[in-house]
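K.L.:
Residue numbers (the numbering used here), protein chains in the order written: chain A, 1 to 410; chain B, 1 to 315; chain C, 1 to 433.
Just so you know, the hints here were simulated from the structure itself, not pulled from any lab data. Do not take every clue at face value.
Stated by the list, open to error - From the structure, some residues in chain A lie toward chain C, with a derived Cβ separation under 8 Å: (1) 32; (2) 75; (3) 77; (4) 80; (5) 81; (6) 84; (7) 105; (8) 108; (9) 177; (10) 178; (11) 397.
Claimed, not checked - In silico SDA-like pairs for lysine to any residue, Cα to Cα no more than 25 Å straight-line: (12) 88(B) - 331(C); (13) 210(A) - 77(B); (14) 251(A) - 2(B).
Using N, Cα and C, we set each Cβ at its ideal position, and we do this for glycine too.
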Amino acid sequence: MRQWIIAAALLPVLGGVALAQETVKIGYIDPLSGGGASVGEVGFKTFQFLADELNAKGGILGKKVEIVPLDNKTNPQESLIQAQKAIDAGVRYITQGNGSSVAGALTDFVAKYNERNPGKEVLYFNYAAVDPVLTNAKCSFWHFRWDANSDIKMEALTNYMKSASAIKKLYLINQDYSFGESVRSAAKTMLKAKRPDIQIVGDELHPLLKITDFAPYVAKIKASGADSVITGNWGQDFALLLKASADAGLKVNWYTYYAGGTGGPTAIKQANLNHQVFQIAEGIPNLGNPAADTFEKALRAKYDFSLFYPRVVNEMRMFAAAAEKAKSLDPVKVAAALEGMEFDVYDGGKGTMRKDDHQFFQPMYIASFGDRTEKEPFDEEKTGWGWRLAAKIEPEQTMLPTTCKMERPN
Amino acid sequence: MLELIVISTLNGVLFGMLLFLMASGLTVIFSMLGVLNFAHASFYMLGAFFGFQLSRWFGFWPALLVAPLLAGGLGAAVERFGLRQVHKNGHVAELLFTFGLAFVIEELVQIIWGKSPVDFRIPSVLDFPAFTIFSTNYPAYKMFMLLVSIAIFVGLLLVLKKSRVGLIVQAALTHPHMVGHLGHNVGRIFMLVFGVGTALAAVAGVIAGPALVTQSNMAALLGPILFVVVVVGGLGSLPGAFIGSLLIGLVQTFAVSMNGSLEGAFGPLSPTYAQSWLADIWSVTIAQIAPIMPYMLLVLILIFRPMGLLGTRET
Amino acid sequence: MSEVTSGVAPPYPALSEKLRFYGIWLVTGLILLALPKIFGSGGALTTFSLIGISIIFSLSYNILLGQTGLLSFGHAVYYGLGGFLVIHVINIISANKLPIPLPLVPIIGGLTGLFFAALLGWVSTQRSGTAFAMISLGIAELIASSALILRTFFGGEAGISANRTKLFRVFDWNFGPQIQIYYLIAAWTLLAVIAMYALTRTPLGRMCNAVRDNPERVQFVGYDPHVVRYLAFCFAGFFAGIAGALAAINFEIANSAYLGALQSGTVLFSTYIGGIGYFIGPIVGAIFVTVLSLSLSDLTSVWQLYFGLFFIAVVTFAPGGLTGLLMMHRPLLKSGTLGKMLPSYLIALVPTLALVVGLVLATESIVHHTVHAGDDPNIKAFGVNFNASSPITWIIALFLIVAGSFAARLTWRRLAQAWGDALSAAHERGYHA
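Start from the sequences and build out the full structure, keeping to the hints where you can.
P.N.:
Structure (structure tokens):
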């Protein structure tokens, strides 16, 4: 009986190996329906654009790159089903970015899958989930992250704040979930070390995506006398926060992670916060890098959005480079090639995929959003306003230690 | 501190009045038709989106008038061609019909207007600070919202107390079967009530749209709270719905402005428990649990007064 | 209690009926064993596993809705809590190396569901009907929101994970491969289905039906409807907990989405679409909705719209669900008059299909212009390529809708007539159900 069942289990496995890989399939697992679809759609088109770019140059190792869209409805369980579906369809590389909860589930799934299916390994490229835990306590050999995690971003931001003496009273307002929590705790510990004179006058966590009117929160910020606010808010939580503060006449500087996300620039323009909203990111338009400018122009000509994911450019180009270096598309060999790899990043300068935790380190930029001069050719969301560089933080200044104890396959 | 109290009271009353605009329609519909309209918040959303679209074409003021009429007409059509067909299959089927309708309306709104918030602006006539208390501006538009809701509340009260239709509706609140036996055209009254109820929700949508957010998830955000309001106030009780709305509006707004936690009151937890789940309860602030306050209130009411605050009828 | 019911219970079954009854379960078991031999890919096994979980969950929901008449909007609470506790238990077992094998773990999920149903049920089952529905909604929102606040237990929005292979092993099964999980879920599904079927046959099951149909009469004969509802609620919670436990084992992760409104809505959809009036209704619904939700999103981006419309259509035109539709034909089949219906069905099918195709074509074209404006107008939906901007597409869609709806009205009227004839013929021959 037992042998019979095992034989039954093995039969399809043996049958599946014979399939030849004609293309390099990358499974894109992100929301393509429901509330998160507008974000997922932008990501998908960005990947598609880069796949076209690679294919125009002959693909990777002579094979065409194909992006397989898989709708996970921003749901971790659904993501695992889609990952299984992708693997069935011959996908050996999956990429995902929206939602740390999905990322946590996926990295767990990939690690277990690879352990249970030796010889059929799958790699997971993370382009936007920034929970630090993914490259610390929960790090995995099969997971690579191109976005700076939220601690790295805070390290860069606080290094900038070290010299910004105008900041005296600071208010923290974040969404009540793991990301908001890590922004808030990192801000507190890092500022204590770097700028002990800054007074943190408020520390707020509000429910995620459930607030329709931020007026009560803004009243609290106003009452605290803060001159600057740090927020990790994104999506409607960011737009509505700015709307309510414009209504109440709150005048502070905003230090944000995701002001550039869909709807963000429009909200800043409407609240009339000219160069009062700052964003920390790995790249922005208007940096004056000719190669990046050409890319940006081509993307905008094809789609009606600007490049929100410079990290996706790095991810795809670096994947191609790693496969060429390994002379193979075997995920284990590609992973080995990626470890410690140095790369010329999209906006200029060098980046490194750190071997210890598979976190990519790259130059970070702090930019403010507002009216433009001659030097800033690109605007956002047809507002007429654009990004202006405030400071560049070199990768060495963002190198945080990791607690990762990487387990490598033998 | 005083500043926070004044602002929070104003915001709380405003939110409460908006809730009442919806809860009143929901309550009357429930009393007469015996069906809790799950899609009621969806008509609030439709009001906001119709208002957005019409104000693009004709300006805000015509939109304020036309959008509720459109939504109300749609509501009446839903009653006439949808609910009435389902009625023979029982109340559960009716409730499920409105449940499915809410689902479909959200999808349709997403298809037509997208998933991101639309740019529904406050009319420029009202885009100025009405007054300033302790250096905080209070927008004129919010005062306008408050006035509109109060005006409709008074109007509703007058219609219910003075007009013939109002008397029938009131009678139906307590004795729905008797009204039918008295020979009133129950079908037409049902359609009318459904239309007016959904139109009221749409008014709330048009005036709340520019101030809050006009997005395809606005119905799903507000829907459950609306049901809490009518259950807490007492199913089928109009004064109950009024008190419930104000109560929940104020509770939610005030909870946000409070920072208290068990940790703040009794000092940090002893280290032996610091890693356990008790630590979560210990350190959570009142502001953090503000959104679940209505549901806690609901459970408390159900334990101590299962009928709701002013309810009289069982179901 | 037994004295009261023995009078109305059906006569003791004959041997042949008994054989047939046990034969059905035996055949089902054999089919479950053989399924992976036919469809062996990882995706197919995952789908089967999900269907199994959904069957238990939907059947547990039908204990409330179909049998006791309680419409709940928060059944996922017991499913989710069962799942969470099971993940914690797996972690505890593997950390302490306790000699408990994985196949026994789902019972813990069931007990968790039972515990919380017993705790929360007493207050909520005090009332039935709409009030109960609203209360269940409120409690579900409360628990789902609290899950995000109580981070240590629920793990925030990321949830908590476990490794199912690190448990005490029997027969050298480590439950790593999906096929072993499939057999685990299949066995539990069969067990749970038999148990829930047995429950409908007990005096309690009969009292539930009585409470659903006429609570006042139940009071007159000396039962408290509240207690009956409460007991039904507890059983529903128990089986929902088992389903949640199996889901947690399958995914090796539990997070707040397990408890949420979407999960509660899905089980309501699948139960009602399947048909709440029959025991196998929720099973049919679970299979149908699971397959649909897994495959429909590959075919079209607005699958939720079609899903919602389909649900409304079922509520409006087929309150008995899919099973109800099939069961309507039983007297016809028995009396042999079903054959007379077939031509009418075929005639009605053509314009109805045309209408549906026209509507879908129009919807997809409109969606293309509002959602993906500016993209390539040559789109693909349901595996068919067409040009969303071409006037030909629009003309075809319009023609199909107008002509289809016109012809459909005529043929459906004909169909109704044929139905009436066939049914009365069946009645004449003495077949009523």
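K.L.:
If a hint holds in the structure, say so; if it does not, say that too.
P.N.:
Cross-check of the supplied hints:
At about 6 Å, the closest approach between the beta carbon of residue 32(A) and any beta carbon in chain C falls short of 8 Å, and the interface hint on this residue holds. At a threshold of 8 Å, the smallest CB-CB gap from residue 75(A) to chain C is about 5 Å, leaving the interface hint in force. Because the smallest distance between the Cβ of residue 77(A) and any Cβ of chain C comes to about 5 Å, under 8 Å, the interface hint for this residue holds. Taken as an interface hint, residue 80(A) checks out: its beta carbon lies about 6 Å from the nearest beta carbon of chain C, inside 8 Å.
For the restraint placing residue 81(A) at the interface with chain C, the shortest Cβ-Cβ distance is roughly 6 Å, inside the 8 Å limit, so the hint holds. Below 8 Å, beta-carbon pairs count as interface contacts, and residue 84(A) has one with chain C at about 5 Å; its hint therefore holds. Hint status for residue 105(A): holds, given a least beta-carbon distance of 5 Å to chain C, under 8 Å. With 8 Å as the threshold, the beta carbon of residue 108(A) comes within range of chain C, its nearest partner Cβ sitting at about 5 Å, so the hint holds.
Contact between residue 177(A) and chain C, as hinted, is supported at the beta carbon level, the nearest pair being about 5 Å apart and thus within 8 Å. Evaluation of the residue 178(A) hint against chain C yields a held restraint, the C-beta minimum of about 5 Å falling below 8 Å. Because the smallest distance between the Cβ of residue 397(A) and any Cβ of chain C comes to about 29 Å, over 8 Å, the interface hint for this residue is violated. Proposed proximity of residue 88(B) and residue 331(C) is supported: the alpha carbons are some 23 Å apart, at most 25 Å.
Of the supplied pair hints, the one linking residue 210(A) and residue 77(B) is violated, its CA atoms being roughly 31 Å apart against a limit of 25 Å. A hinted pair counts as satisfied when its Cα atoms are at most 25 Å apart, and residue 251(A) with residue 2(B) qualifies at roughly 21 Å.
Hints 11, 13 from the list above are not met by this structure, while the remaining hints are.
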